[in-house]
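Chain residues, written in single-letter form:
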Amino acid sequence: MYNSINRLQTVFGFFTTVAFVVAAIIAASDFTAPRTPSATIKATNVQVVKGRPHYYSSKKEEYAIIRFSLDADLSSLFTWNTKQLFVYVTAEWPAAPSGAVAGSGTNQTNKAIIWDTIITSPSSDHLANIGPATLKKLRKSAAGKSVDPSRGKLSLKNQRPKYQITYPTGKVANTEDMTLHVHYNVQPWVGMLTWDQDFDFALWKKMAKGISKVFALPAVAPKKG
Amino acid sequence: MLSSLQNPRQAAAQLLNFALMMSTAFMMWKGLSIAADSPSPIVVVLSGSMEPAFQRGDLLFLWNRNLLAETDVGEVVVYNVKGKDIPIVHRVVRKFGTGAHAKLLTKGDNNAADDTELYARGQDYLDRSDIIGSVVGYIPFVGYVTIMFGEHPWLKTVMFGIMGLLVVLQRE
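As given, the protein sequences belong to chains V and C, one line each in that order. Every letter in the first sequence is one number past the one before it in my numbering, and letter 190, counting from 1, is 190. To get my numbering, take the position in the second sequence, counting from 1, and add 1000.
Next comes chain C alone, as it looks inside the complex (with noise of 0.2 Å):
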């Protein structure tokens, strides 16, 4: 680590090549995020709502283009709910007319009652531009660290702590 940074060249080149790390990820993100037609082509389950068939830190991948049908009745979704900022997975239970402007009413599978509660004041229904994706992918508790991260968050100081001290300490 020292010598390191008794050459500023060498450390130059790991800082570089820290940066093309992060950058990397980054754009695989946002590529993924184009393919899908999604702002969040993979999220991660944060509630029971859906079990058994998710559970909390399941990965989900989502699909947002309608190339061969529309969205419909059975289909997994997730959605944001106007003024909320928590996206909701849950199954469309009833759809009324087709197009864009089409009546949707979603259920978690877990739950008693559908998803009118959770809407926004005055919203009954919700409308295919509330939501941002069709479940079509799943990998169980992987996502799990984040849920971590989330909860105790001077994880995330220590493990970015810990990635850049790694990447100082390696030669090359």
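So that you can see chain V by itself, here it is in the shape it has in the complex (with noise of 0.2 Å):
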């Protein structure tokens, strides 16, 4: 017989199935969108000196600082279901030679972030952690769009590094053969996690170069004065 708690649990069944097939559509819609990202990175000046992890540490660790710049055309990752993007730049770098082992010079085993932002599309600006003078900036600078490709453009000159990075025995100075790489992570509103792939997918291109040449960090710069 229908009875009034009968009609409540079929009303809230088709509800929830409605709802998640809908969000199933929006997720694989994101496969139906072209991704062609591009970015050119480069090391411009780099430093290494020493420091302790935090103030009331008596360890020295080297640190590296890596300025960089950066040219990164990301625009193609907005969509409607983008919620965020979060762009990170990593120093990659093959082990270190005191643990040398024959035939794994090739691989990069040492990844670090050195720097990292999270470009939100204009429907999550309500969520960054700004203050409210740079929230209504944002706002104000996408007035009337909902996705907003323009925010996927970066142009960084001589950019000072997020993260001082060391290694684990806290020696980085003199390490050879050390890369840029340019990596996102997209962030949707419903669905997969997608970060930049090494192969071309359907419609989605791998990332055109976003490595830097290969460098070097220098010896610990003497203290000065």
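Please note: incorrect hints may appear among the correct ones.
Derived DMTMM-like pairs: lysine to aspartate or glutamate, alpha-carbon spacing no greater than 20 Å straight-line [said to hold, decoys possible]:
1) V:Lys-59 <-> C:Asp-1114
2) V:Lys-42 <-> V:Glu-61
3) V:Lys-59 <-> C:Glu-1117
4) V:Lys-213 <-> V:Asp-71
5) V:Lys-206 <-> V:Glu-92
6) V:Lys-162 <-> V:Glu-61
7) V:Lys-136 <-> C:Asp-1072
8) V:Lys-213 <-> V:Glu-92
9) V:Lys-171 <-> C:Asp-1124
10) C:Lys-1103 <-> V:Glu-61
11) V:Lys-205 <-> V:Glu-61
12) V:Lys-209 <-> V:Asp-198
13) V:Lys-157 <-> V:Asp-71
14) C:Lys-1082 <-> C:Asp-1114
15) V:Lys-60 <-> C:Asp-1072
16) V:Lys-59 <-> C:Asp-1124
17) C:Lys-1082 <-> C:Glu-1117
18) C:Lys-1103 <-> V:Glu-92
19) V:Lys-162 <-> C:Glu-1051
20) V:Lys-162 <-> C:Glu-1070
21) V:Lys-60 <-> C:Asp-1124
22) V:Lys-162 <-> C:Asp-1114
23) V:Lys-206 <-> C:Asp-1072
24) V:Lys-83 <-> C:Asp-1114
25) V:Lys-206 <-> V:Asp-71
26) V:Lys-60 <-> C:Glu-1117
Simulated from the structure, these hints should not be mistaken for laboratory data.
Dock chain one against chain two, each of which comes alone in its own frame, and use the hints as you go.
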């Protein structure tokens, strides 16, 4: 028999089914949008200094400060299902010479993020961790648009890194074969998280360029004064 | 309801029906757990440390197998700190070495500092074995129910009560 509980149950069941089907269609629509990301990156100024991991530590470690220039066009990654784009620059280098094992030299075995940024879609600006003035400015820049691909264009000149990297042993000076790589992570409103690919996949192209020339870290900079 | 009490055969059938529902849910959860090789293949975000990517109550699907590539820098992983029972969802920002003993460092996108402070005493890096999965799928908000249950435990009792009552009240 049909009583009110039965009807409520049916309505709720139908609602969840519809909601999940719509979510699945939105998630699948990602595959219909071509992705053609490209980036060029260059290390501009490399420095190694001595420091401590935090104020109350007596441990002395070497830190690499890698300044870089980055030009990137990631505008094709912004679609209606893009919530935010996480762009990050990594320094990558093979195993430390002290632990050199024959045949392992070609693998990039160490990887550290030196700089990252979160680019929100206009639809998720209100979630970003920024002050009210910055938020107002950001909103104004995309007034009337729900998707703003122009935010995917980055142009940085001699940018200071956000993170000064070291190695578990505390020694990074004179590290050779270092390269900088540009990566991204697309965070959708619903569906699969995706990263930059090493290969073309259907409409999604792999990142064009996005790797710097090989460089080496210098010796520890002499103390000033 | 009273009629079902008068008929023990029907009461037993309804009880079995309820048990079947419960065990089906349990089996699906465990099946997913085996497929993803993770003790907890679906987690609910409990903190705002990954905002604006993840908000409290969002549902994350985890994958814990390294079929094509190792867990890498840039992936968002869920890990448990030794001696603490709270899973943490953060991004891998550094990786030194390869294989099972690669040293991994994590950081929340919304946090200023990396997670060294969150780790166990004397632990500077995570091992692969500390990680219970990498985030591959995302559904917003659906998990907020569990946060509500966690903060107001009486809701759980009410919910189970209603569910049980519904099954008993239903004929067939």
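Hints, verified against the model:
no.: 1; hint: V:Lys-59 <-> C:Asp-1114; result: holds (18 Å)
no.: 2; hint: V:Lys-42 <-> V:Glu-61; result: violated (25 Å)
no.: 3; hint: V:Lys-59 <-> C:Glu-1117; result: holds (16 Å)
no.: 4; hint: V:Lys-213 <-> V:Asp-71; result: holds (15 Å)
no.: 5; hint: V:Lys-206 <-> V:Glu-92; result: holds (19 Å)
no.: 6; hint: V:Lys-162 <-> V:Glu-61; result: holds (17 Å)
no.: 7; hint: V:Lys-136 <-> C:Asp-1072; result: violated (36 Å)
no.: 8; hint: V:Lys-213 <-> V:Glu-92; result: holds (12 Å)
no.: 9; hint: V:Lys-171 <-> C:Asp-1124; result: holds (16 Å)
no.: 10; hint: C:Lys-1103 <-> V:Glu-61; result: holds (17 Å)
no.: 11; hint: V:Lys-205 <-> V:Glu-61; result: violated (40 Å)
no.: 12; hint: V:Lys-209 <-> V:Asp-198; result: holds (11 Å)
no.: 13; hint: V:Lys-157 <-> V:Asp-71; result: holds (9 Å)
no.: 14; hint: C:Lys-1082 <-> C:Asp-1114; result: holds (17 Å)
no.: 15; hint: V:Lys-60 <-> C:Asp-1072; result: violated (28 Å)
no.: 16; hint: V:Lys-59 <-> C:Asp-1124; result: holds (14 Å)
no.: 17; hint: C:Lys-1082 <-> C:Glu-1117; result: holds (13 Å)
no.: 18; hint: C:Lys-1103 <-> V:Glu-92; result: holds (14 Å)
no.: 19; hint: V:Lys-162 <-> C:Glu-1051; result: holds (18 Å)
no.: 20; hint: V:Lys-162 <-> C:Glu-1070; result: violated (25 Å)
no.: 21; hint: V:Lys-60 <-> C:Asp-1124; result: holds (15 Å)
no.: 22; hint: V:Lys-162 <-> C:Asp-1114; result: holds (12 Å)
no.: 23; hint: V:Lys-206 <-> C:Asp-1072; result: holds (17 Å)
no.: 24; hint: V:Lys-83 <-> C:Asp-1114; result: violated (23 Å)
no.: 25; hint: V:Lys-206 <-> V:Asp-71; result: holds (16 Å)
no.: 26; hint: V:Lys-60 <-> C:Glu-1117; result: holds (19 Å)
Violated hints, in rising order: 2, 7, 11, 15, 20, 24; the structure is consistent with all others.
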